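Protein chains: 2
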Amino acid sequence: MKILMCVPNISEGKDKKLVAGAADAIRAVEGIKLLEVSSDRDHNRSVFSYLGEPEKVLAATKKLADLVLKEIDMSGHRGDHPRMGALDVVPFIPVRQVSNDEAIEIARSFGSYLGAKGVPVYYYEDAAASPQRKNLADIRKGQYEALPVKLKDPAWAPDEGPASFNATAGVTAVGVRFPLIAFNINLDTTDLSVADRIARGIRHLGGGYRHVRAIAVNLEDKGMVQVSMNLTNYSKTPIHRVMETVRSEAACYGVSVASAEVVGPVPLESLVAVARFYLQAHDFTVDQIIEANLLK
Amino acid sequence: MKILMCVPNISEGKDKKLVAGAADAIRAVEGIKLLEVSSDRDHNRSVFSYLGEPEKVLAATKKLADLVLKEIDMSGHRGDHPRMGALDVVPFIPVRQVSNDEAIEIARSFGSYLGAKGVPVYYYEDAAASPQRKNLADIRKGQYEALPVKLKDPAWAPDEGPASFNATAGVTAVGVRFPLIAFNINLDTTDLSVADRIARGIRHLGGGYRHVRAIAVNLEDKGMVQVSMNLTNYSKTPIHRVMETVRSEAACYGVSVASAEVVGPVPLESLVAVARFYLQAHDFTVDQIIEANLLK
Chain A
6 MKILMCVPNI
16 SEGKDKKLVA
26 GAADAIRAVE
36 GIKLLEVSSD
46 RDHNRSVFSY
56 LGEPEKVLAA
66 TKKLADLVLK
76 EIDMSGHRGD
86 HPRMGALDVV
96 PFIPVRQVSN
106 DEAIEIARSF
116 GSYLGAKGVP
126 VYYYEDAAAS
136 PQRKNLADIR
146 KGQYEALPVK
156 LKDPAWAPDE
166 GPASFNATAG
176 VTAVGVRFPL
186 IAFNINLDTT
196 DLSVADRIAR
206 GIRHLGGGYR
216 HVRAIAVNLE
226 DKGMVQVSMN
236 LTNYSKTPIH
246 RVMETVRSEA
256 ACYGVSVASA
266 EVVGPVPLES
276 LVAVARFYLQ
286 AHDFTVDQII
296 EANLLK
Chain B
6 MKILMCVPNI
16 SEGKDKKLVA
26 GAADAIRAVE
36 GIKLLEVSSD
46 RDHNRSVFSY
56 LGEPEKVLAA
66 TKKLADLVLK
76 EIDMSGHRGD
86 HPRMGALDVV
96 PFIPVRQVSN
106 DEAIEIARSF
116 GSYLGAKGVP
126 VYYYEDAAAS
136 PQRKNLADIR
146 KGQYEALPVK
156 LKDPAWAPDE
166 GPASFNATAG
176 VTAVGVRFPL
186 IAFNINLDTT
196 DLSVADRIAR
206 GIRHLGGGYR
216 HVRAIAVNLE
226 DKGMVQVSMN
236 LTNYSKTPIH
246 RVMETVRSEA
256 ACYGVSVASA
266 EVVGPVPLES
276 LVAVARFYLQ
286 AHDFTVDQII
296 EANLLK
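These protein sequence lines are chains A and B, in that order.
Okay, so the first sequence: first residue is 6 according to the numbering used here, each after it adds one.
Okay, so the second sequence: first residue is 6 according to the numbering used here, each after it adds one.
Treat the hints with care, as some may be off.
Remember, identical chains collapse to one label, so a pair may be satisfied in a single copy or spanning two.
[Stated by the list, open to error] With a cut-off of at most 20 Å between alpha-carbon atoms, the simulated DMTMM-like pairs for lysine to aspartate or glutamate come out as follows:
(1) 68 x 20
(2) 21 x 76
(3) 61 x 107
(4) 21 x 85
(5) 301 x 41
(6) 67 x 47
(7) 227 x 288
(8) 227 x 106
(9) 68 x 47
(10) 19 x 29
(11) 301 x 29
(12) 7 x 193
(13) 21 x 196
(14) 75 x 143
(15) 241 x 225
(16) 301 x 274
(17) 241 x 288
(18) 68 x 58
(19) 68 x 225
Don't read these hints as lab results, they were simulated from the structure.
Note that the coordinates shown come from a computational prediction; the quantities given were computed from them, not determined experimentally.
Kindly generate the complete structure, drawing on both the sequences and the hints.
Written out as structure tokens, the structure reads:
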């Protein structure tokens, strides 16, 4: 069974009825599992997280789009979080047996659906049509209010839909990205500089692993410091390699790892890789997990 | 979602049509996933492996029993493997969110179903009604041919069904056991005595871990030796503890672990425990695995 995840953000965080209706629209698609809905009043924004087979995720996302484009009018929208559209950002995330190419195909299919409805669309991250559009923050610069001017700039011609301002819908960013793993390692010291030096060393920016973002955090309550990380591609920069590198760097200061935290959801494959490494079970596969057979 | 597994053995390994019919009967129960069917001509015996929610596994096992009791006549059975009945042995195995007590309830319900059909039943392992009946080998002593006499012995009065010989059906052993994990560790030496000393030390019989059975195996082709193990309760004697103990014992002889093998299927929880240990992620749970949400 192929599993794709989608985590769309919509520009409405106060109207509970609208958000519940959107959740129902997603759930109504057979084979879709809605994992989470969270709304933020100050951001005036809601996030949905659901998964299923790629075609079904596409269908559910279209249902969500239909509802959101009908109900949300961006011309009156206020909120603390940067935003450009009613359906603001739609990342598709391959979870199981879905290649990036397949996910990009789904993203493009969804983008052209939105375009045909008169919504300008920018593709970002792995779905980006050009390197300048990879980064969501670049695309979102100036937000909704900048769109009337931005859409006239040939450099910002949309990837789908009309190159003209749609006052009610705004613009939607549609992307594909790898599942992100939030992984924090707590060090048995109160010296923040140790965590800071390790974070700088392990992150891509500082010359470290390509798919690691890291900062040092002081956990005063616990009398510890933390290397707080996002692993943006667990298959190329696996959890265990990060763990062992942090451990060995810490040991250089005479500091040991007190504990660690995997925050939020992770794909099964990332865990199997951990077991494969530490048990030296080189041939161990996901299919050997009994429960995985029920996903087939 | 609760998941129970069942791995019945039937006394027919040659009649392909009968075995295919039995597989169909199991598959016909909605919500049941048939993982494997394997037949052995010399043993004249077939093994089915399937899983699903407990009540559905019970239903599928009844369907299997109906067919097997109708089609197999033990009075003419020949085969190399020890056996007592047409439906020879029926172990129920808790995989996910099923307690031993729940599994025992299912086993008892199935046993009484068989008993009502006139088949004498012995409960074994965790479903055993007394310590003398825990061990399947003890129950099976003398095999089918010994049943006419054995069933008259008050010490071997069946747990369900009549205390009289059923020539066509024989006797069925119904049990509950924990999922067994086959785990082999390969050592980078040709000295079998190293593996042998480690196997003797780590297994329950030799004073080692309660839920470990272990032997030493010579892997001549690979120029290595192996500690070959069955872990009979991964929650009480977890994989990582066995791994690290073998590693440290081997190091005492200057020998290192070359690789390891997890053979066959394992429950997800056993793997999560491995990650929890090696990543020191004390609070990591099965529910954090994205795919696990699809099992709910």
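Hints, verified against the model:
no.: 1; hint: 68 x 20; in the structure: within (18 Å within a copy, 52 Å between copies)
no.: 2; hint: 21 x 76; in the structure: within (13 Å within a copy, 61 Å between copies)
no.: 3; hint: 61 x 107; in the structure: within (13 Å within a copy, 35 Å between copies)
no.: 4; hint: 21 x 85; in the structure: within (18 Å within a copy, 68 Å between copies)
no.: 5; hint: 301 x 41; in the structure: between (23 Å within a copy, 14 Å between copies)
no.: 6; hint: 67 x 47; in the structure: neither (27 Å within a copy, 57 Å between copies)
no.: 7; hint: 227 x 288; in the structure: between (39 Å within a copy, 16 Å between copies)
no.: 8; hint: 227 x 106; in the structure: neither (44 Å within a copy, 40 Å between copies)
no.: 9; hint: 68 x 47; in the structure: neither (26 Å within a copy, 58 Å between copies)
no.: 10; hint: 19 x 29; in the structure: within (17 Å within a copy, 53 Å between copies)
no.: 11; hint: 301 x 29; in the structure: between (26 Å within a copy, 18 Å between copies)
no.: 12; hint: 7 x 193; in the structure: neither (41 Å within a copy, 39 Å between copies)
no.: 13; hint: 21 x 196; in the structure: neither (45 Å within a copy, 70 Å between copies)
no.: 14; hint: 75 x 143; in the structure: neither (27 Å within a copy, 71 Å between copies)
no.: 15; hint: 241 x 225; in the structure: neither (33 Å within a copy, 35 Å between copies)
no.: 16; hint: 301 x 274; in the structure: both (15 Å within a copy, 19 Å between copies)
no.: 17; hint: 241 x 288; in the structure: within (18 Å within a copy, 25 Å between copies)
no.: 18; hint: 68 x 58; in the structure: within (15 Å within a copy, 32 Å between copies)
no.: 19; hint: 68 x 225; in the structure: neither (46 Å within a copy, 61 Å between copies)
Violation of the numbered hints given earlier is confined to hints 6, 8, 9, 12, 13, 14, 15 and 19; the remaining hints are satisfied by the structure.
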